[in-house]
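Colleague: Going down the list, the sequences are from chains A and B.
Per the numbering used here, residue 1 is the first one in the first sequence, and the count goes up by one each step.
Per the numbering used here, residue 1 is the first one in the second sequence, and the count goes up by one each step.
Misleading hints may appear alongside valid ones.
[What the hints assert, rightly or not] Here are the simulated BS3-like cross-link-like pairs (lysine-lysine), alpha carbons at most 25 Å apart as the crow flies:
(1) B:K31 to A:K773
(2) A:K668 to B:K61
(3) B:K47 to A:K263
(4) B:K98 to B:K83
[Said to hold, decoys possible] Chain A is faced by these chain B residues, among others (derived, beta-carbon under 10 Å):
(5) V35
(6) H42
(7) Y56
(8) G59
(9) K61
(10) T79
(11) E92
No lab work stands behind these hints, which were simulated from the structure alone.
None of these values were measured; they are calculated from a predicted model.
Every residue, glycine too, gets a C-beta built ideally from N, C-alpha and C.
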Amino acid sequence: MKKSILLFVYLLVAVFATAQDFKGKVFFVNADGEKEPAGFATVICVETRQTAEADIDGNFEFKKIKGENVTMIASFIGYTRDTLLYRPGITYHEFNLHDENELNALVVTGRQDANYLSKTAAIRTEVITAAGLCKMACCNLAESFENSASVSVGYSDAVSGAKQIKLLGLSGTYVQMLDENKPIMRGLASPFGLSYIPGQWLESIQIAKGPSSVINGLEGLTGLINMEHRKPTAENPLFVNLFMSDELMFEGNIASSLQLNDKWSTVIMAHASAGTKDHDMNKDGFKDEPLKQHFNFDNRWLYNAGPDGVQVRFGVKAFSDERIGGQMAYEKGMNDHGPYEGYKNNIWGSEINNSGIDGYLKVGIPFTEGGVESLAMVATYSYYNMDASYGTKYYKGYQNMAYINAMYQNQNDENHHYTFGIAGQYDGIHEDFREMVIDFDKYSARVYNGGGELFKGRDDKMIGVYGEYTYTNEKLTAVIGLRGDYHSQGGWVFGPRANVKYSFTDDLIVRVTGGRGLRHANIIADNLGLLSSGRHIFVEEEIKMEDAWTFGGNITQYFKWGESENSYLSFDYFRSSFNSQLVVDWDKDYITGSNKNNVYVYNCDGRSFTDTYQVDLSVEPFKGFTAIATFRYTKAKVEMDGQGLVDRPLMSKYKGVLNIQYATNLNKWTFDVTGQLNGPAPLPQFMGGGESEVYPMFFAQVTKKFKGLDIYVGVENIGNYIQENAILINNGDGLQGIKPGDNAFDNSFNASMVWGPLMGRKFYGGIRLTLWKK
Amino acid sequence: MKALRIFTAIVVAVLTLSLSAQAQNKKKAPKYEEVTFSAHIHCNNCKAKCDAALPYIKGVKDVKVSVEEQTVWFKYDPTKVTKQKLGAELAELGYPGKEIVKEEKK
């Protein structure tokens, strides 16, 4: 009896309660646990789509909640969310919102996708996450793009092992490289730069296509690649990675993130790698890849005064790299006494020594809560030294570069943000280029310096001012920027840029972009292949600043299918068109019938443009199984002297990539398979014209995870596809692949016509050990 | 195209493997229990820390860590591990949590 009365009372209360309003209050809780009302916080009921806004004292109410099990979330920008699982009977609840330490952290739920398209960015941004970086061995940044069709990676030449990327049908020199939003890999540092960013140091990479913001300068013509390194705040006091391949290439990485107290933290990263054995799988008498020894060290600091306080970041990085390439018999030091020595022994060799050091300082000062009004400053300095010999060519260069950028950000209201800034840059590049001309009859050599005084480096001081305005509402984001830079070499240049994103629905997003990019060309550094040929380099005129407009757009449709709510289908189109561009012309003498056999460098006065179309599809049909398919088609045209408008040589016309991954429950086992179909690339006329072969590439990797330990094994280039005749020579009976015994010192020697892989099938294995802070 | 054949073989192998793993999951599923904790997991760093440790607790069959909802969901084998033990492991990582009990449907 008692029980039933109780039940009756309970039911009555319950019924009465459901009829009642729900009231709540939202608080901010600071680091010391003190509470204050969270005025104007937002509260939503997920299932019933009801929303409320708290008043100035943090109070809010719902007249009637239209469901029985409702997830009620209170939120405020810059603070964590607080959730209540509402049931009938609850009439009052207090929500506590905590300061969010990392304001800019992307909030990702569920399993981390390896590659995805950002939904929030106004610019078409492809993100490769830590999970994506682990899909392949990714020894360095260059190798981390194998899963991407947007970016293709290839060798600069068949000797130095330098890798270059291509984006939107143009060389990677037109992509601005950023390290946590500081410009890097400029000038001499660009040709080998990608190899000097160990993949295991990275947390994520963002690839943005099209002209992006004006804040970091105008140098990105076709896009921008930003990389995020391991963070000082990561709770990983120790990370160790060891890697080995069947060709006796070793690599080790070690990283340590330490939080010294609640304000100071640091991350230390070190890398060592070595290619210890030379091999010649294609039997052309040349090392397939140079012997290598690379050391790299980086230390980054963060001082964080608190959620709304000053943030200071600074760091220093140093590296050295030595490469020895060329014919199998070539040994270190043989070129030291001049190439004539090498010629006498008939051994063609290449030695490259690069080293550098750089430092940076970043300061952010928020004036208001959440950093809405703030001042930020970035300053960097870098020194880079390159000392290279390639057969008969010697190139020594060093550069000092300094950069400062200060910006002020504020907003009128939530919809209108603006940024103003001022920037300064100093590029001091010194070059010394020499080429020995060997007189075959007299057994003597003389120095020839190619294009006269045109390899004189650059001494450019730049000062720039810019403004950027961002309008945002629920559907539309528009970013409009204008920048003017004054260069001591080049005068005033102006670049407007605009990016607009419109969300028709939450799942259908359209982006449009357009703008101008300008940069100083670096004849040798942008075209490293010039060095690995026997031809004289002939610079015909003073090289102008390269200047291009890029326009494009993207449509992305997200949809629910299988296991993922964020499956997507995306389509891109971009067009870059140059007003002025540096052109390297290998065909001029062939076309005019001259027997000089030079390679010519000049400004393209005519047309130069590229059109790129791309489709991406990402799905997760069932749990743990993801598939990403992407296809790119490129039309790249350039007008060359005496040839008219031709296909840009060595630029592959299409690329398809299919990546499938299966991860068992809890990702304890991960299986990855990637297939690429690389389209044909137009060949220069002197090689007979036509196109290169279409070739597939396959990669596979298995990763087993234990607590704190990953073990991985994999194979690259499973099909063992190698470009035939990567090094060309004409010893009297026509242009053909070089063989042992051929005279490599002939001026027809050419190792820079590379369009395919130079390394055959490669097996590798490695471990990753991660300790977590207790 | 020898390479293409190798690639196809690998694709088929991965598919078969994943499908059989799926089938196994389905067979075993009813034996396991589930629990959700509410914990102050507010950033990706916290999530990464949980994702690195929680799957390796003996008896845990599946884990979902949500930053958005600040929850940790476990599927576990009750003969090997208890709710209390899971809660304690979570607390040891620095995220003491409360169990979220959903109302049973009537």
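Colleague: A separate judgement is required for each hint: does it hold in the structure or not?
Modeller: Each hint, compared with the structure:
| no. | hint | in the structure |
| --- | --- | --- |
| 1 | B:K31 to A:K773 | violated, 34 Å |
| 2 | A:K668 to B:K61 | holds, 11 Å |
| 3 | B:K47 to A:K263 | holds, 22 Å |
| 4 | B:K98 to B:K83 | holds, 11 Å |
| 5 | V35 | violated, 14 Å |
| 6 | H42 | holds, 4 Å |
| 7 | Y56 | holds, 4 Å |
| 8 | G59 | violated, 12 Å |
| 9 | K61 | holds, 7 Å |
| 10 | T79 | violated, 18 Å |
| 11 | E92 | holds, 8 Å |
Violation of the numbered hints given earlier is confined to hints 1, 5, 8 and 10; the remaining hints are satisfied by the structure.
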